[in-house]
Amino acid sequence: MEKIILQFHTLEEALLMGDHGIYVWSTYIITGLVFSIFSITFSWKLRNLKEDE
Amino acid sequence: MKNLLLPLISVKEYLNLNKMIYPYVLFLGIFFMLLGWIVGLLFAPIDAVQGHSYRIIYLHVPMAIYSQLIYWFMAIWSFSFLIWKIKIAPSMILSAAYIGCMVTFLALLSGSVWGIPTWGTWWQWDARITSTFILFIMYLALLTVNNSFQNTNTADQITAWIALVGVINIPIIKKSVDWWSTLHQPASISLTTESSIDLSMLIPLLISIIGVGIFLFSLGLKVSRWVIYRRESD
Amino acid sequence: MITELFKLFQRTRDWLGPILIFTMIMIAFPLSLNIYSADLISSFESVLVISLLMIAFISCDGIFNEDFLDGSFEMLISEGGSLFQAVFEKLCASFVLISFPIALAGLLFSIANGAINQNYMIALLGIFFVNIILNSIFAFGSAISLNKGAILGVISVLPFSMPAIILFGRFLDSISSNISSINLLQLLGGTSIITFLIFSWLCSRIIKLHIE
Amino acid sequence: MISAHNLSYKINKNTLFSGLNFDCKSGNIFQILGSNGSGKTSLLKILSGITNPTKGMVTLKGSIRKLYLGHKIPIKDYLTSEQNYYLLNGKDTLKDYDAYCDLINLNVPKSMLSANLSFGQKKKLILSKIFNQSYDILFLDEPFVGLDAETVMIIKKQILEMKKKGAGIFLTSHQETLEGDVLIDLDKGEIS
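Protein chains in written order, with this note's numbering: chain G, 1333 to 1385; chain B, 62 to 295; chain C, 294 to 505; chain L, 31 to 222.
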């Protein structure tokens, strides 16, 4: 089993990820965005539903 | 069997159960999800063939798994609604549909973005992407059908029927799409089969699968609370 | 069954319309390609599949609307008649008057375009069975959106027709390459009967829901 | 023959009626009164098995031949009135089309499509079902609306005849009153 150690030494190397970084990071960022938008819209809906109850 | 379940799934009990466990589930979900992703992104070793772009697997595989799982979850609830007339089932179906729709969209997104470095095009007629796309349309169809009826009872029953018929269709679509794509070109690097992946990559994958699952469960709690309140208020 | 056939036969617009539209598509489709190009045959198959899909949607759109709106279904239920039988007969009538002629026209045009040049009987039956599958699936769609506009029904039902299209694609390939086209035909026939029965039962359940 | 146990019906939160209990033996007429929207049609639909009540139960004894005639007119516009007649009553009927037309003086040219029949004529065509088949229970929702006085007399005579033959009849009507054995008043919710 290969060791699980930090693969990248500089931030810049981690971002680039051997020129695949753009794809990897963009997917994760978009997923994070979609998750937060989804949960925020529903808590917002929940809140204004509670007000007029 | 039915009166065994009923005290458990009455609306009021579900609501305060929901409120009680929601913060813990949310925290656990986010913790494990981020743990799995960080380890997968920064600590897992590089893949010999694909280089770093394989790291999207920690996102794509959980999404693909849960897009199927949520449809089965909805089918079980619609079965219980149609056969045992459990009161809470329609709101569970609707909230699961919202989440499943989002998860399938993410699975599609990550699948196609992953395709760019490996195949050079963002859309590739791979069996899994096509069946996930069909699944995405079925989620959208379920949502549009649900809010196009005035009488809530007919809306719930028809949504339950479509979910039930849809779930029978998923294995059929999967098999026929596999059969179709294997004839066209040999299944190239198929994205989601757990090929003999090295243990060091498998651990973060399992953590992220569990983490995403718990997080989606917390989203489900929130959305179902909103659906129930909305149903109560109007 | 005869009464349904008779009723459908009276409404010429409902059964002649789809057939005419199908033939128009079949005639008009080569206009987009130059006539001598080699890929006329290969593109014909996809045009045939898509027009079958569209015709199935057109012919099943609003198939139950008329009886639902004028109260015949209500009277039928109160008399203890079974909705399943009514739906079953209605679909059979539309198979005889719409699906079979279209299968015939489809076969003739595919011969004309050179897409099919052997075992014609098998091809005819194959297209007819696919028509049955697509019609019963879209009838389920029109039962869902009984008086809500057909788009709703189509969205929720289109994914179910994907496997049928894939199966039909395999069938057309086996026809031209003449390998195992018989057992593909049996597969198509089996699925068409099963889909027809299941979906007409589902239609009767959904219509009963709408009536309540 | 048909009995109801604390029937209640609710549409989207407002309850139309609740706690109805009655038992209809053969040969009596139930007159259902109530203002518009008080649930008369829904009660008829529940009894005839078209819709399910929110609470309560309807029990039928034995194999009952029942018929519900509502406001909607199940006449096919693209067929002639004779074809419609045989469509409704089946081929081997007691009265053939011409005999029925003379009885109820429905004089319509043979080849005319029923699209341009008047509401009253279409209603006469549907009511032909009462004359042709013997039903155990009849659910008639405003049967006399749109009919001229003479036809109303004929229909009343036929209903009384069926009552003698032991049929249970549920009737809702605003103008014409028929001496009903039982009166169900949905506004006040009592049964007398």
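One should not assume that every hint holds.
For each label pair, taking beta carbons as the anchor points, the in silico distance ranges come out as [to be verified]: (1) Trp133/B x Leu362/C: 34 to 40 Å; (2) Asn212/B x Asp215/L: 23 to 29 Å; (3) Gly112/B x Ser1375/G: 37 to 43 Å; (4) Ile444/C x Ser294/B: 25 to 31 Å; (5) Ile475/C x Ser71/B: 52 to 58 Å; (6) Tyr85/B x Lys441/C: 41 to 47 Å; (7) Ile1369/G x Tyr85/B: 31 to 37 Å; (8) Asp215/L x Val1366/G: 16 to 22 Å; (9) Leu397/C x Tyr108/L: 24 to 30 Å; (10) Thr296/C x Asn58/L: 34 to 40 Å.
For the record, the hints were derived by calculation from the structure and aren't laboratory data.
Built from N, CA and C at the ideal position, the CB exists for glycine as well.
Going through the hints against the structure:
1. For Trp133/B paired with Leu362/C, a C-beta distance near 37 Å keeps the hint of 34 to 40 Å intact.
2. A hinted range of 23 to 29 Å holds for the C-beta pair Asn212/B and Asp215/L, which are about 27 Å apart.
3. Separation of Gly112/B from Ser1375/G is about 39 Å and conforms to the stated range, judged on CB atoms against 37 to 43 Å.
4. A C-beta distance of roughly 29 Å is found between Ile444/C and Ser294/B, which places it inside the suggested range of 25 to 31 Å.
5. At roughly 57 Å, the beta-carbon separation of Ile475/C and Ser71/B lies within the given 52 to 58 Å, and the hint holds.
6. Remark: the range hint 41 to 47 Å for Tyr85/B to Lys441/C is upheld by a beta-carbon distance near 42 Å.
7. Checked against the hint of 31 to 37 Å, the C-beta distance between Ile1369/G and Tyr85/B comes to roughly 23 Å, which is inconsistent with it.
8. Under the hint 16 to 22 Å, the C-beta atoms of Asp215/L and Val1366/G, about 59 Å apart, miss the expected range.
9. Under the hint 24 to 30 Å, the C-beta atoms of Leu397/C and Tyr108/L, about 26 Å apart, fit the expected range.
10. Between Thr296/C and Asn58/L the C-beta distance comes to about 35 Å, which sits within the given range of 34 to 40 Å.
Against the hints set out earlier in the document, violations occur for numbers 7 and 8.
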